[in-house]
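Novice: Here is how the chains run, residue by residue.
Number of protein chains: 2
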Amino acid sequence: MSQPVILVPTMGALHDGHRKLIREGNAIKGNKGTLIVSIYLNPIQFNDPKDLDKYPRTFDTDYKVCEEEGADLIFAPSDAEMYLNSSSVKVSENKLARELCGSKRPGHFDGVCTVVTKLFNLIKPKIAIFGKKDYQQLSIIRQLVTDLNYSIEIIAIETQREQSGLAMSSRNEQLNEIEKEKSSVIYEALEAMAKSGESKSKNLIRLGKSIIDKESQIIEIDYLEVVDRSNMAKLEIIDRPALVAIAVFIGKTRLIDNIEINFE
Amino acid sequence: MSQPVILVPTMGALHDGHRKLIREGNAIKGNKGTLIVSIYLNPIQFNDPKDLDKYPRTFDTDYKVCEEEGADLIFAPSDAEMYLNSSSVKVSENKLARELCGSKRPGHFDGVCTVVTKLFNLIKPKIAIFGKKDYQQLSIIRQLVTDLNYSIEIIAIETQREQSGLAMSSRNEQLNEIEKEKSSVIYEALEAMAKSGESKSKNLIRLGKSIIDKESQIIEIDYLEVVDRSNMAKLEIIDRPALVAIAVFIGKTRLIDNIEINFE
Chain V
-10 MSQPVILVPT
0 MGALHDGHRK
10 LIREGNAIKG
20 NKGTLIVSIY
30 LNPIQFNDPK
40 DLDKYPRTFD
50 TDYKVCEEEG
60 ADLIFAPSDA
70 EMYLNSSSVK
80 VSENKLAREL
90 CGSKRPGHFD
100 GVCTVVTKLF
110 NLIKPKIAIF
120 GKKDYQQLSI
130 IRQLVTDLNY
140 SIEIIAIETQ
150 REQSGLAMSS
160 RNEQLNEIEK
170 EKSSVIYEAL
180 EAMAKSGESK
190 SKNLIRLGKS
200 IIDKESQIIE
210 IDYLEVVDRS
220 NMAKLEIIDR
230 PALVAIAVFI
240 GKTRLIDNIE
250 INFE
Chain W
-10 MSQPVILVPT
0 MGALHDGHRK
10 LIREGNAIKG
20 NKGTLIVSIY
30 LNPIQFNDPK
40 DLDKYPRTFD
50 TDYKVCEEEG
60 ADLIFAPSDA
70 EMYLNSSSVK
80 VSENKLAREL
90 CGSKRPGHFD
100 GVCTVVTKLF
110 NLIKPKIAIF
120 GKKDYQQLSI
130 IRQLVTDLNY
140 SIEIIAIETQ
150 REQSGLAMSS
160 RNEQLNEIEK
170 EKSSVIYEAL
180 EAMAKSGESK
190 SKNLIRLGKS
200 IIDKESQIIE
210 IDYLEVVDRS
220 NMAKLEIIDR
230 PALVAIAVFI
240 GKTRLIDNIE
250 INFE
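Respectively, the protein sequence lines represent chains V and W.
Taking the numbering used here, the leading residue of the first sequence gets -10, the next gets one more, and so forth.
Taking the numbering used here, the leading residue of the second sequence gets -10, the next gets one more, and so forth.
If you are wondering where the hints come from, they were derived from the structure by calculation, not from laboratory data.
Each residue gets a CB set at the ideal place from its N, CA and C atoms; glycine is no exception.
A portion of the hints provided could be inaccurate.
[As the list claims (entries may be wrong)] Calculated lysine-lysine pairs in the DSS-like style (CA-CA distance at most 25 Å, straight line):
1) W:Lys93 x W:Lys53
2) V:Lys39 x V:Lys9
3) W:Lys113 x V:Lys113
4) V:Lys21 x W:Lys113
5) W:Lys171 x W:Lys184
6) W:Lys53 x W:Lys21
7) V:Lys21 x V:Lys9
8) W:Lys93 x W:Lys21
9) W:Lys122 x W:Lys241
10) V:Lys113 x V:Lys9
11) W:Lys121 x V:Lys113
12) W:Lys121 x W:Lys169
13) W:Lys9 x V:Lys115
14) W:Lys43 x W:Lys84
15) V:Lys115 x W:Lys113
16) V:Lys53 x V:Lys93
17) W:Lys9 x W:Lys93
18) W:Lys21 x V:Lys113
[What the hints assert, rightly or not] Chain V is nowhere near these chain W residues, computed Cβ spacing over 12 Å in every case:
19) Lys107
20) Ile129
21) Ser205
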């Protein structure tokens, strides 16, 4: 493959998780490729306008991060450039997107699919890099690539975590120090679930909840589910590759995380 | 532009209208381009399975037509190649597609948008050629190209007609000789409407209906509307570029046609 264009799509507020994606892109591109980081806070994937309002915007720092990690180009369009007033075309995924976050955030994944399609058409990457923290999003994008016949390779990168285990997220900035500290129970629970060897989802979820509920004064579970990794549908018995996926509220901040459970 | 790929998307059953599209592609492509005719009877744009069943399939003749008109390549995938059992991604247009045929054929334009997106991604044309007979489809595809940021030029070709004025359509094959003859009133009505100079849609439609109703024993009007050409919305007064669009049933066969009314 000569001169591949590699895309790392982001919404800005770049953290070490994003750095990992960009570094991976840099490692893949070789001498002749072009590594493009898109920075676009896509309004149409926010079902809650307040969530969009308080999403951190740190373009100057983001620019430096991209530079430091060796991006060749930043694509940072304005809302007016991305969405004309007259725009009326939508891309939607109608199976995976019904589960987990899709059922909690109506329209969210339509917004994701639409903007990713636009970015793919504008940037024409050969490779696009996504993080596993947004595992459902990753699965939906893979489905989009298959169903819409894009010749784009999707590369998935492991979730970058704080030392405490908390998955890195731009939304972590909205937590105070105590909330951040207590949030480590999320990954503690996921790890305990993955290591338990338990094959009944019901019991596994009970285990996870018992750990997170140690911090029930601060953390409210939005969902905690065990799903089939191929289609994001609920699993009763772990008899195939599975995913434990969780969303929690800490105050008004919603965080998600997940862990893979392999089936041998 | 060097070596442009030019796409003429069709559902087969090629007639002189298609020949005109292919010839236009041939004229544009120059010495170095590639002219691709896609022949794919897209099942997901048929809201009525009976309509799909009786749609003519004439691949051997189609192949010859493409050869005669100088196509370089025919892309004729199978249903299994185009749609995996697991496919779940849809492209939809949600403004223009609500009007005219969109309101009569639920899901039709979703099917069109989805297959055209797939064809664009598979074939990566620089130019795609569509006929004005399917005017609403043409408008929706233009919207899709804009909204999804395809760098594809859409070229629209005037409707090819029988000597009688009847717009050429693969569905005309389903008419018997008498029906075909009587169907000439459709274009007779459209032309009379366009030439009348009448600026009130209500009166214009009354005029058109009166002409078509001469053959009311054979032809049933599904809709006859005067719309704004920019958004396909109904117009009361013709104070901007307009379109008269019609759909009729002749027995179980549904035919569409249209005529532009310019506003000076």
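Novice: Honestly, which of those hints from before does the structure not fit?
Specialist: When the structure is compared with the hints, numbers 1, 2, 8, 11, 13, 14, 16, 17, 19, 20 turn out to be violated.
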